[in-house]
Amino acid sequence: MITIKNINKSFEGKQALYDISATYKPGECSLVIGASGSGKTVLLKTIIGLMEADSGEIFYGNTLLNSLNAKEKKRLRREIGMLFQGSALFDFANAQENVIFPLNFFTNMSKEEKLERANFCLERVGLTNVNKKYPSELSGGMQKRVGIARAIALNPKYLFCDEPNSGLDPHTSIKIDNLIREITQEYNITTIINTHDMNSVMEIGDKIVFIHQGHKSWEGSNKEIFHADNQALNDFIFASKMAQQLKGCTVGTR
Amino acid sequence: MELKFVTLRDFINRNTLKSNFFYHIGHYFLFLGQVFRKPEKWRIFVKNFFNEADKLVINSIPLIALISIFIGAVLVIQTSSNMTSPLLPKMYIGYMARESLILEFSSTMVCLILAGKIGSNISSEIGTMRITEQIDAMEMMGVNSASYLVLPKICSTTLLNPLLTLMSIIVGIIGGYLLVQITGIIMVKDYITGLRFAFTEYYVLYTAIKTSVFSFIISSISSYYGYYANGGSLGVGRSSTKAIVVASAMILIANLILTKIML
Ligand SMILES: Nc1ncnc2c1ncn2[C@@H]1O[C@H](COP(=O)(O)OP(=O)(O)OP(=O)(O)O)[C@@H](O)[C@H]1O
Ligand SMILES: [Mg+2]
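In the order they appear, the protein sequences are chains A and B.
For what it's worth, the numbering used here labels the leading residue of the first sequence as 1, then goes sequentially.
For what it's worth, the numbering used here labels the leading residue of the second sequence as 1, then goes sequentially.
No lab work stands behind these hints: they were computed from the structure.
Just to be clear, a hint being listed does not mean it is correct.
To give an idea of the interface, some chain B residues facing chain A are shown, with a C-beta separation under 10 Å as derived from the structure [what the hints assert, rightly or not]: (1) Glu133; (2) Gln134; (3) Asn144.
Derived lysine to aspartate or glutamate pairs resembling EDC-like cross-links, with alpha carbons at most 20 Å apart [as the list claims (entries may be wrong)]: (4) A:Lys71 - B:Glu40; (5) B:Lys41 - B:Asp190; (6) A:Lys5 - A:Asp54; (7) B:Lys41 - A:Glu97; (8) B:Lys47 - A:Glu123; (9) A:Lys25 - A:Asp54; (10) B:Lys55 - A:Glu203; (11) A:Lys157 - A:Glu79; (12) A:Lys216 - A:Glu52; (13) A:Lys111 - A:Glu72; (14) A:Lys73 - B:Glu40; (15) A:Lys114 - B:Glu40; (16) A:Lys132 - A:Glu116; (17) B:Lys41 - A:Glu113; (18) A:Lys216 - A:Glu57; (19) B:Lys41 - A:Asp229; (20) B:Lys41 - A:Glu72; (21) A:Lys73 - A:Glu97; (22) B:Lys38 - A:Glu72; (23) A:Lys74 - A:Asp91; (24) A:Lys175 - A:Asp91; (25) B:Lys47 - A:Glu97; (26) A:Lys132 - A:Glu112; (27) B:Lys117 - B:Glu99; (28) A:Lys25 - A:Glu186; (29) A:Lys111 - B:Glu40; (30) B:Lys47 - A:Glu186; (31) A:Lys25 - A:Glu203; (32) A:Lys74 - B:Glu40.
What follows is a list of derived Cβ distance ranges for each label pair [unchecked claim]: (33) A:Asp91 - B:Leu159: 21 to 29 Å; (34) B:Asn59 - A:Asp19: 40 to 48 Å; (35) A:Asn8 - B:Gly231: 19 to 27 Å; (36) B:Gly26 - A:Gln231: 45 to 53 Å; (37) B:Leu63 - A:Thr128: 38 to 46 Å.
Backbone N, C-alpha and C define an ideal beta-carbon position, used for all residues, glycine too.
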């Protein structure tokens with residue numbers, strides 16, 4: 001369970017986040033949606049402590065992140081899996097070694113066990129023949145999936161995904177979404193996902209926070225989102241013709 | 001409530017004293033404090049140490065050998081053209097070529113060259129990892145990225161570069177020998193007598209220590225600039241330029257100080 005209270009964050013005088021509070025429960029996929037530049041990535045990085053908030057509190061369970069010393073923070077981070085927006089795979093390691101990297105540091109597994117675990121994670125994200133390929137030899141979508149495999153290698157308690165399915169075809173994208181939901185429920189992980197993919201919202205949006213220009217503008221589930229009475233949110237969801245037509249259908253059948 | 005935890009990077013981003021010289025000195029030492037932590041796992045460190053030794057030291061052998069052989073030859077020509085007096089024995093040419101190589105060329109000049117080669121390699125590699133969030137990814141896993149990435153580089157260059165210096169001295173002397181042999185500018189016998197004349201072992205130690213210190217300067221400063229690179233690929237370019245300029249300047253200053261202390 002992650003709780004954030006009144007987070008404010010600014011860059012050189014320009015405010016990026018205004019007074020954001022939210023609660024994220026384990027076993028649930030919590031989505032953060034919003035237009036490009038609305039502050040999703042900044043929010044995620046603030047929650048995990050890669051950026052420092054100007055004010056506000058972040059609780060992991062009952063521990064206040066800001067009160068931890070470096071060592072305790074390190075221990076907490078071993079329970080966090082993170083997929084970065086640009087994947088952030090290590091250039092010096094191939095796909096398999098990327099997944100093995102955290103295992104090398106934080107487990108005492110034998111070489112075979114590590115390989116087995118890496119292959120299991122890679123298979124889990126639907127990658128089978130790329131184990132020996134380096135990040136520069138992988139497509140963007142493949143890199144994302146290796147990133148997810150690396151994030152789940154250590155069985156994290158908290159999983160953060162920054163746009164896990166941007167740049168993926170609809171089919172793979174749905175597979176990734178389902179995968180994230182499966183592991184979230186299976187291992188009771190607290191999962192926070194940044195996205196602007198409406199498919200994901202429909203598929204896995206147990207809980208959705210909508211960020212508009214740095215403000216939390218709406219909060220609810222994917223069942224409520226289509227009937228929300230929030231202009232900015234409606235403009236965001238129904239930006240495409242397809243979504244508008246779909247809306248016509250649902251409203252018609254209601 | 002005011003948050004207490006400040007990541008070093010955020011601090012630097014926010015700080016308005018960014019260009020302040022003393023500010024950089026302070027942060028350089030804070031950075032070294034992060035680097036010189038006990039490695040999480042020694043096995044990983046040893047593996048990286050040898051990787052870096054290969055990439056940074058072994059890979060520099062051809063360049064240093066090439067330069068040394070030519071400089072050795074040039075030193076012989078220049079000294080002999082400056083020693084026209086018939087009263088001075090010709091063997092002094094070999095002696096002076098040897099002394100120049102040992103005292104200055106094979107440590108200071110070689111390290112200035114390495115500052116360009118190794119320095120740009122290190123700072124652009126680490127800088128790219130910074131801007132593509134690979135360093136953040138490491139930190140997120142709970143790995144001390146500064147120690148993991150930088151310590152093997154500093155250790156391998158500081159410990160092994162003196163071997164490059166030794167090689168440079170030997171190759172330089174061979175260069176001079178080949179020149180003497182081919183052009184007959186002086187007698188080979190004289191050159192060899194000169195090489196053996198008044199040899200001080202201490203100078204070799206002195207030059208090896210200088211190289212160690214310079215290598216530490218190169219690897220730590222270029223790592224520092226790479227580690228705190230920001231602003232995309234332009235930022236990486238900027239930081240590697242800065243790294244080379246600052247490292248070279250520091251080498252010159254350290255050279256002066258070490259020479260004053262040790263000779
Ligand atoms: N390191 C930084 N320095 C200064 N400003 C920043 C920095 N990072 C983000 N910002 C600003 O914060 C705001 C929010 O950016 P953020 O990256 O969170 O957007 P986002 O919602 O993730 O967008 P996208 O969907 O395109 O990834 C933007 O206006 C951006 O300019
Ligand atoms: Mg983003």
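Could you grab the alpha-carbon distance between lysine 74 (chain A) and aspartate 91 (chain A) and see if it respects the 20 Å cut-off? violated (23 Å)
Given hint aspartate 190 (chain B) paired with lysine 41 (chain B) - CA-CA distance at most 20 Å: violated (55 Å)
Would the pair lysine 175 (chain A) and aspartate 91 (chain A) pass a check requiring their Cα atoms to be no farther apart than 20 Å? Outside the cut-off at roughly 26 Å; violated.
Does glutamate 186 (chain A) sit within 20 Å of lysine 47 (chain B), going by the straight-line distance between their CA atoms? It is violated: about 37 Å lies between the C-alpha atoms, which goes past 20 Å.
Hey, lysine 157 (chain A) versus glutamate 79 (chain A), does the alpha-carbon distance stay inside 20 Å? Cα-Cα ~5 Å, so holds.
Verify the proposed pairing of lysine 73 (chain A) with glutamate 97 (chain A), using a straight-line Cα cut of 20 Å. Measuring from Cα to Cα gives roughly 25 Å; hence the hint is violated.
Lying within 40 to 48 Å: is that true of the beta-carbon distance asparagine 59 (chain B) to aspartate 19 (chain A)? Given a distance of about 53 Å, which is not inside 40 to 48 Å, the answer is violated.
Restraint status (C-alpha distance of lysine 117 (chain B) to glutamate 99 (chain B) at most 20 Å): Between lysine 117 (chain B) and glutamate 99 (chain B) the Cα gap is close to 25 Å, so the pair fails against 20 Å, i.e. violated.
Can you tell me whether the CB distance of glycine 26 (chain B) to glutamine 231 (chain A) sits inside 45 to 53 Å? holds (50 Å)
Straight-line Cα separation of lysine 132 (chain A) and glutamate 112 (chain A) no greater than 20 Å? holds (16 Å)
Would the hint linking lysine 216 (chain A) and glutamate 57 (chain A) be met if the CA-CA limit is 20 Å? Distance ~16 Å between lysine 216 (chain A) and glutamate 57 (chain A) Cα, so the pair holds.
If you draw a straight line from the CA of lysine 47 (chain B) to the CA of glutamate 97 (chain A), is it 20 Å or shorter? holds (14 Å)
Consistency note: the structure conflicts with the earlier hints numbered 5, 8, 9, 10, 13, 19, 21, 23, 24, 27, 30, 34.
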